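Engineer: If you read the protein sequences in the order shown, they are chains A and B. Counting in this note's numbering, the first sequence tops out at residue 273, every number present. Counting in this note's numbering, the second sequence tops out at residue 89, every number present.
Among these hints, one or two may not hold up.
As the list claims (entries may be wrong) - EDC-like, lysine to aspartate or glutamate: derived pairs with alpha carbons at most 16 Å apart:
hint, chain 1, residue 1, chain 2, residue 2
1, A, K73, B, E71
2, A, K80, B, D68
3, A, K13, A, E147
4, A, K215, A, D184
5, A, K73, B, E30
6, A, K13, A, E169
7, A, K31, A, D83
8, A, K215, A, E258
9, A, K164, A, D83
10, A, K215, A, E232
11, A, K73, A, D83
12, A, K73, B, D33
13, A, K164, A, E147
14, A, K73, A, E110
15, A, K80, B, E81
16, A, K215, A, D198
17, A, K166, B, E66
18, A, K166, A, D184
As the list claims (entries may be wrong) - So, partial list: chain B residues that the calculated Cβ filter (under 8 Å) puts toward chain A:
hint, residue
19, A16
20, A19
21, R22
22, L26
23, R31
24, D37
25, S42
26, E46
27, D57
28, N61
29, R64
30, L65
31, M67
32, S70
33, E71
34, G72
What the hints contain is simulated information worked out from the structure, not anything from laboratory work. Just so you know, these numbers come straight off a predicted model, no measurement behind them. The beta-carbon is built from N, C-alpha and C at its ideal position, and this holds for glycine as well.
The chain contents come next:
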Amino acid sequence: MSNATVVVVTSGKGGVGKTTTSAAIASALAKEGYQVCAVDFDVGLRNLDLIMGAERRVVFDLVNVVRGEASIKQALVRDKKLDNLFLLPASQTRDKDALTEEGVASVINELRMYFDWVICDSPAGIERGATLAMRHADEAIIVSNPEVSSVRDCDRIIGLLDAKTKVAEDGGRMPKHLMITRYDTERAKSGDMLATDDVVDILSVPLIGVVPESKDVLKASNVGLPVTLADETSPAARAYTEATRRLLGENIPVTIPEEKKGLFGKIFKGRAA
Amino acid sequence: MNILSLFGKRGERASASVAKNRLQILLAHERADNGTDAVLISNLREDILAVVAKRFDIDPNAVRLEMDRSEGVTTLGIDIELPPAAKVS
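Bound conformation, chain A alone:
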C-alpha cells in the first residue's frame, strides 16, 4: 500500500496561475526530499514542460501512456536540477477524447507506487480534462486571483470537487486549500482589490498561501525554472515555499511576503507600475 498523496491544482478560470503553482509546489516538495511527479493534464495545450524547462526533452506523453504506446517510466522526464522531481507531460494532440477514465485511473495508480506526491496540473474549464485531473485526487489546491470572475469560477470548481471526484463518490469530503495568486498589497490596502479575507469568506476554503504579484514569476518562466527554484528569496518563492510547508501539515500563519526594497527601491517606490 502506498502513502502517496495526489493533489489536483485547479481553478476553473484560465490564466490565474495553475501551472506556475503546480511547478512551484512540486519543486518545493522535491526540495524537501520527497519523490515528486508533476502531471500535466492540459492535453492539446501543454505548458508545464515549458515552465519546468523540460520542453526539449519531451518524447512520450500522458496520452502515449494511456494508449499503451509507452510505459510511464519512458514518458517521465527527470528535472535538470532535482533528481527526485519528474514531469509527466501532456500531449499536443487535438483529440480531446484522448484521455479515458480507465487510462487515467491506471496511470495515477501506477504513479502512486513510485512517488510520495503526485501534483496534477488541471486544464482551465470544467470539461472532461478538468474533471479527469481532479478525479483521483486526495486533496485539491484551488487557485484564485482576488478578482470576481476568478472567485466565481472557483466556486463552480468546488462544486465539482464535491460531486465528481472519487473521494466524493465514496462519501468522503475532499480536503481543499485556497491559494490566492497575483495579490497586490498596495491595491488591497487602498480597497481596490478583494482582500484575502473576502475571498476566504466567500469560498469557505482554508487559505494555504497568498502569492504576491511579482516580476520574478515572469522571469522564472522565461528561463524555464519553477519560481521556487529560480530565486528562493523572491516574495513569490517564499510564499510558495510556505504554502508547501502548510501542505505538509505544518501549522504556520499565512503571511504575505513583500518585495524587499533596498534604499533605491524605497526612493523610487511607485515608479514601476
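Once you've looked at the hints, dock chain B against the given chain A.
Structural biologist: Frame of chain A; chain B shown alone:
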C-alpha cells in the same frame, strides 16, 4: 530614465532573450513534428533493446531514451540500467 532603470531593464532583457530562444527552438520543432519523434524513439528503443538483450538479461522498462534539442543539434541519450548480476558474456 536614470541609470538604475538601465540596470533593471538589462536584467529583464536577459531572461526575455532566453525565453525567445527557447520558444524558437520549441516551436520550430513542434511545427515540423507530428509525433514522428515518438515513433522514431519507439522504434529505436526496440532495436537497441534487441541488440543489448543479446548480451544482457535486461528489464525492458530499465531502458530510457532521451532526446535533447538545442539550436543546431539534437542529441539522443540512451540510459540502460543493467541488472545487478550483469556480467559480460
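Engineer: Double-check L26 (chain B) for me: the hint is only fine if its C-beta lies closer than 8 Å to a C-beta in chain A.
Structural biologist: holds (5 Å)
Engineer: Identify whether the interface hint at S70 (chain B) stands, where standing means a beta carbon of chain A within less than 8 Å of its own.
Structural biologist: holds (7 Å)
Engineer: Can the restraint linking K164 (chain A) and D83 (chain A) be considered satisfied, given a maximum Cα separation of 16 Å?
Structural biologist: violated (34 Å)
Engineer: Given the hint that K13 (chain A) pairs with E147 (chain A), test it: the Cα-Cα distance must not exceed 16 Å.
Structural biologist: Holds. K13 (chain A) to E147 (chain A) sits at ~11 Å (cutoff 16 Å).
Engineer: Is the straight-line distance between the alpha-carbon of K80 (chain A) and that of D68 (chain B) 16 Å or less?
Structural biologist: holds (12 Å)
Engineer: Against chain A, run the beta carbon of E71 (chain B) and see if the smallest gap drops under 8 Å.
Structural biologist: Violated, about 10 Å.
Engineer: Is K80 (chain A) close enough to E81 (chain B), meaning Cα to Cα at most 16 Å?
Structural biologist: The hint is violated at about 19 Å.
Engineer: Measure nothing beyond the straight line between the CA atoms of K164 (chain A) and E147 (chain A); if it is 16 Å or shorter, mark the hint as holding.
Structural biologist: Violated. K164 (chain A) to E147 (chain A) sits at ~26 Å, over the 16 Å cutoff.
Engineer: May I ask you to test the interface hint for D57 (chain B) with respect to chain A, counting a Cβ-Cβ separation under 8 Å as satisfied?
Structural biologist: Since the shortest Cβ distance to chain A is 18 Å, the answer is violated.
Engineer: Would the hint on R22 (chain B) be counted as holding, given a Cβ-Cβ threshold of 8 Å to chain A?
Structural biologist: holds (6 Å)
Engineer: Does D184 (chain A) sit within 16 Å of K166 (chain A), going by the straight-line distance between their CA atoms?
Structural biologist: Status violated; Cα separation ~36 Å.
Engineer: For the hint on R31 (chain B), just tell me whether its beta-carbon gets within less than 8 Å of chain A.
Structural biologist: violated (11 Å)
When each numbered hint is compared with the structure, violations occur for hints 1, 5, 6, 9, 12, 13, 15, 16, 17, 18, 23, 26, 27, 33, 34.
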